[in-house]
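Engineer: These are the residues of each chain, in order.
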Amino acid sequence: MLAYIARRIALALPALFGLVVLTFILSRVIPGDPAATLAGDAATPAQIADIRARYGLDRPIMEQAWVHMRQVLSGDLGNSIFSGRPVSEDIARRLPATLELTFVALLLATCLGIPLGLLAALNHNGPIDHLVRVLSVGGLAMASFWLAIMLQLQFSMEWDLLPLRGRMDVPLGLPPRVTGFLLIDSLLAGRGDMFVDAARHLVLPAVTLALPGLATIARFTRSGVLEALQKDYVLYARAAGYGRFRLATIYVLRNAITVTVTQIGLLFGALISGAVAIEAVFDWPGLGTYAVQAILSADYKALLAVTLVVGVIYAAVNVLVDVAQALIDPRVALQ
Amino acid sequence: MTALRHLMRDPVAAFGLLIVVFAVFVATFAQWLAPFPDDAFESNIMQRLRPPSAEFLFGTDNLGRDIFSRVILGTRSALLVALAVVLAAMLIGVPVGLIAGWRDGWLSEGLMRFTDVFLAVPQLILALALGQLLAPGIFTAMVALALTYWPFFARTVFAETRRLRGALFVDALAGIGAHPARILFLHVLPNAAPAVLVRATIGMGFTILTAAILGFLGVGATPPTPDWGLAVSEARQHLPDAWWFATFPGLAILLLVLGFNLLGDGLRDAADPRLRRSRH
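Protein chains in written order, with numbering that gives the first Met the number 0: chain A, 0 to 334; chain B, 0 to 279.
Isolated chain A, as found in the complex (with noise of 0.2 Å):
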């Protein structure tokens, strides 16, 4: 097993590189000269050639590359042109924000989802499966941010029952920063108060985030289920006498929801690039507004942060989500 850990490992890294290089091209090729840009409107050539050699610009472009690099695998991502702060520390302000409402989330996804798709294959084109299946096709096919500003006008506009955005009433302040999961952070200052609005802050945007992961894994777990229930152990278990429902969920399930697990952790890279539009919607302070904000005020340094940040976050939960296949089923460590 820990030789399969270290193989899949092993291939996620050349990824990896390849998505500094793109980074890299993406932010010294394509927006003409980054000097300039840098230096304003108002600068002389002068100045310009100043912040040239001050950030290395004049230097030939492999060294730049090579600097690049080494910067990158060393956690500095530069300065952001807008907040003129470390861009490294701006993320790691706001990345709690988005892991919480992904996490969330997740676990709405998967919680309702699995148990919504293994219910529609116990219930073969019964009404439960029709229901699940135009729910799993709706859910996959609405715009985030649309379905977002639905809620938000019935729930919050309309029938005033739940917060209109951002993550806490500004009068309850913040708890003291610990985890940065605000959640967490107010059950560890016995914060009784601030954890429910807290969970109160997190429901629209969660649900809104989560319909979509819903959709995919239920439509997974059903499937999965249907194929196992095909199988002949199954129609042996029957013959000896276990009772459907045991069988459905501690045998059957096991063997169906392998490609589910696979499914769960492609779906926490989409979460997290869906929570971009979904923050906007929700004013959520996170790694989603932050884009938009780098985007608005065009902060590459900030963006292609974001990016990279995403890309070693989507790439790590590949690596745990094969892991976790592998503690499944362990025949995948085997191929």
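Careful, some of the hints might be misleading.
Said to hold, decoys possible - Stretch by stretch, here's where chain A covers chain B in the computed footprint (C-beta under 8 Å, at least three residues):
{"hint": "1", "stretch": "109-115"}
{"hint": "2", "stretch": "175-185"}
{"hint": "3", "stretch": "211-222"}
{"hint": "4", "stretch": "234-244"}
{"hint": "5", "stretch": "255-267"}
These are calculated hints, taken from the structure and not from any lab test. Even glycine gets a Cβ: it sits at the ideal position worked out from N, Cα and C.
Take the given structure of chain A and dock chain B to it, following the hints.
Structural biologist: Relative to the frame of chain A, chain B by itself:
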């Protein structure tokens, strides 16, 4: 033809096809179908933010333009953008997949690792980065979307080529001295076509959705283009009063993407019932 008959027997897929055919019809004749075709670019500030009525079926927007007309006119750009993106992605991805699948060794390995780099980041993030760096606008959004979608074609065609490479008819062709290019493009590619078609159909739905997100975030279509994503974004300042402004363009996105997704699923089942249902 049997595949088409199979497709029509599946009511859900047939429904998807119906939506797509309807959308193509609307897009083609948008100029005649829209009650106020001039509202693509002209504003009429006197009748701004009117609720839906017999005259304005979906109401009017912040500049007094008929939303029903703009949803109809937006169908054309949504379809054209997605079609151009998918075709461009196909033009890059299919040859890469064919060559990488046919050859062994460093070229194949190199091409597929290069493909992996583009798959290492979620498409939306990469498209945002590319779209921003190339200066925002609908054309750069399209370039960015094509550059992020081609790996899926490369993967699909790679798998198909690897599968077909060992087939008896390929051996026979090589045996009678056919040039590899001839085998690949005239014999392997047609056999891979169903898988490519399925990927393209799902890609249409996916691209329409992603293009809408880019428009919504301000890196896609620019005003006053009648674009669905852009319209929802413009509508945000006028909520909750002008609910119709945000609602109908979003419903149009939902319907069109639904059509392509249902059709893609049906095509997949028709092309190969054993294929697992998956989506990207």
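Engineer: Hints the structure violates: just list their numbers, smallest first.
Structural biologist: Violated: hint 2 alone.
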